[in-house]
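So the sequences go chain by chain: Z and S.
The numbering used here puts the first residue of the first sequence at 1, with every later residue one more than the last.
The numbering used here puts the first residue of the second sequence at 1, with every later residue one more than the last.
If you're looking for bench data, these hints aren't it; they were derived computationally from the structure.
A hint or two may mislead.
Derived CB-CB ranges, DEER-like [claimed, not checked]:
hint, chain 1, residue 1, chain 2, residue 2, range
1, S, Pro-217, Z, Trp-133, 40 to 46 Å
2, Z, Leu-85, S, Gly-127, 46 to 52 Å
3, Z, Glu-115, S, Ala-332, 52 to 58 Å
4, Z, Ala-223, S, Asp-115, 31 to 37 Å
5, S, Arg-102, Z, Trp-31, 22 to 28 Å
6, S, Gly-184, Z, Val-212, 53 to 59 Å
7, Z, Asp-118, S, Gly-272, 47 to 53 Å
8, Z, Phe-41, S, Arg-177, 44 to 50 Å
9, S, Ala-66, Z, Val-61, 50 to 56 Å
10, S, Gly-51, Z, Asp-118, 23 to 29 Å
11, Z, Asp-118, S, Arg-102, 16 to 22 Å
12, Z, Leu-53, S, Phe-14, 39 to 45 Å
13, S, Arg-102, Z, Ala-223, 24 to 30 Å
Keep in mind it's a predicted model, so treat the numbers as computed, not measured.
Ideal Cβ placement from N, Cα and C applies to all residues, glycine included.
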Amino acid sequence: MSADSAAWDALRLSLWVACWATVLAVPLALWVAWLLARRDFWGKTLLNAAVHLPLVMPPVVTGYLLLIVFGRNAPLGRALEAVGLQLAFHWTGAVLAAIVMGFPLMVRAMRLAIEAVDPKLEEAAATLGAPRWAVFGRVTLPLIIPGILAGVVMGFAKAMGEFGATITFVANIPGQTQTLPSAIWSALQIPGGEAQALTMVLMASVVAISAVLLSEMLARRVAARIAGA
Amino acid sequence: MSLSMTLSHQFADFKLDLSLETGPGITALFGRSGAGKTTIINAVAGLLRPGAGRIVIDGEVVLDTAKNIFVSAHKRRLGTVFQDARLFPHLTVAQNLSFGSRYAPKSSQGASLQDVVSLLGLEDILGRRPATLSGGEKQRVALGRALLNHPRMLLMDEPLASLDGPRKQDILPYLERLRDGPLGLPILYVSHATDEVARLADTLVLLQGGTVRAQGPLFEVMSDPAAVPLLGVREAGAVVEAEVLSHGDDGISTLKISAGTIELPGVQAAPGSRVRLRVLAQDVIVSLNRPAGLSSVNVLPVVIDAVHPGDGPGAAIALQAGSDRILARVTARAVNELGLAPGLPCYAILKATTVAPGSIGR
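Chain Z extracted, bound-state conformation (with noise of 0.2 Å):
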């Protein structure tokens, strides 16, 4: 197997798990935000703090804690096995590993546009006759559009940034679990990797500053929509 294509599969699989985390994490994210930025419950500061708690703690913990809830000797993690869902040791654990620790990026930025919009204007939806939903779905969405892309892009990024949790979690199985931070750091290992690890290197950095642009780009069409004109 050549280096070059090593890179590449490394590089493929991680774009692959992160599109899957961001599609899978952001309605979930979504409602997390909306949960915390509009509502008063019973357990709102504890919901807030295990959200929270992946960007305190270190990765290789969370990495760990994953490995004994979702390992294949654990019991819920045998339960997902039997049907059908390996997660540890599989790319399926890279992408559960890349929505816990993109989780709080997604919930914070999402949380934030929420808390910006004027809960005026839902008021007023409901005067009109909006079920609560209705009113989620016609005012409030079309108004946070920015900051979910926002959040889009934190969580795709660390996705394809995380290394700790991912590494402790699903191993390093070169074009199987081999994600491409794995991979820059397996390179590393080897004596003369170092040009290696470069390529791979300039393909993260790529990725990372497409998915910014594209995501500003957006944000900026949808702003001007709502300035007007």
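Position chain S relative to chain Z; hints supplied.
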């Protein structure tokens, strides 16, 4: 159509405690800021859950804290027009309007999009977004959006307060059309501007410090001397109905009121139409004898109906002028020296009187 409520709500700095009823037409809630006006609107709209209370709209109990009934805002079918318009910034004017009609009950009768667009003069701005509209335009769209929702009643929370003079004049005629039009929609109208109230209201509720201090037909409450401090001494004054008789070449018009005729400049309404006149209490002078050689020609024979001493050096006097009642503000010293007392016939000199601008016949 009727609305009745009792409300009690404790805020950090004051307590709202009142009960009131409204009928058809426009009921104005008047009070200084902090009197509890917006709280009442929010409670009726379902945006605030008061500490205790009961609200009945057309026989339907939408709030009864004793029985734990609370109908949420989106099920109350009340159109609310807020001071700050609250148009949806991501939607065009047309889309904002259709947001209103989208949630109107399928079977309901009411204004169509065409009706509303022409009533409110929205033809030219349908494609625009709220950020590009003037304050007056925003309020017209907000009103249209509420009307298309086919509400049982309109709640208007100082809809003109954020507008400057000319913009107010833009909207007032639309509100009058609404009041007098075929929709016949009852309106609960919150205001702290006496000129708006004088021009629009059928029923007036005066609020102070969270309680109702006076309520009744506009003409009665406005001519109640006890209401003078509530309305403010410079703003207080009776509203009387007049019929325009003729317009002179010199710009002076002759109007007929129950106590006689008066002459006023600047009347726009056509002869034969009825207008509302505002007779400010501070513009009325009381004289025991029929005055002669005055620059004012508007002198009416009146009988003193009530004398209401104020807290300071002033006093408010109610004067029966024909079938109308007007107010005069004099000093307490004048009351003593002239012996002003109920039953005394005298003359009222109207220094200045304004026609509630653009006021049209009822």
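Status of each hint after checking the structure:
1. Distance hint for Pro-217/S and Trp-133/Z: a CB-CB separation of about 44 Å, consistent with the stated range 40 to 46 Å.
2. At about 51 Å, the beta-carbon gap between Leu-85/Z and Gly-127/S stays in the expected band of 46 to 52 Å.
3. The supplied range of 52 to 58 Å is met by Glu-115/Z and Ala-332/S, whose beta-carbon atoms lie about 56 Å from each other.
4. At roughly 35 Å, the beta-carbon separation of Ala-223/Z and Asp-115/S lies within the given 31 to 37 Å, and the hint holds.
5. Range check, Arg-102/S to Trp-31/Z: about 24 Å between beta-carbon atoms, so the 22 to 28 Å window is met.
6. As the Cβ distance of Gly-184/S to Val-212/Z is approximately 58 Å, the hint placing it in 53 to 59 Å holds.
7. Distance hint check: the CB atoms of Asp-118/Z and Gly-272/S are about 48 Å apart, consistent with the given range 47 to 53 Å.
8. The beta-carbon spacing between Phe-41/Z and Arg-177/S, approximately 46 Å, falls within the hinted interval of 44 to 50 Å.
9. As the Cβ distance of Ala-66/S to Val-61/Z is approximately 54 Å, the hint placing it in 50 to 56 Å holds.
10. About 26 Å separates the C-beta atoms of Gly-51/S and Asp-118/Z, a value consistent with the hinted range of 23 to 29 Å.
11. Checked against the hint of 16 to 22 Å, the pair Asp-118/Z and Arg-102/S passes, with Cβ atoms roughly 21 Å apart.
12. Look at Leu-53/Z against Phe-14/S: about 44 Å separates their beta carbons, and that is inside 39 to 45 Å.
13. Remark: the range hint 24 to 30 Å for Arg-102/S to Ala-223/Z is upheld by a beta-carbon distance near 25 Å.
No hint from the list above goes unmet by this structure.
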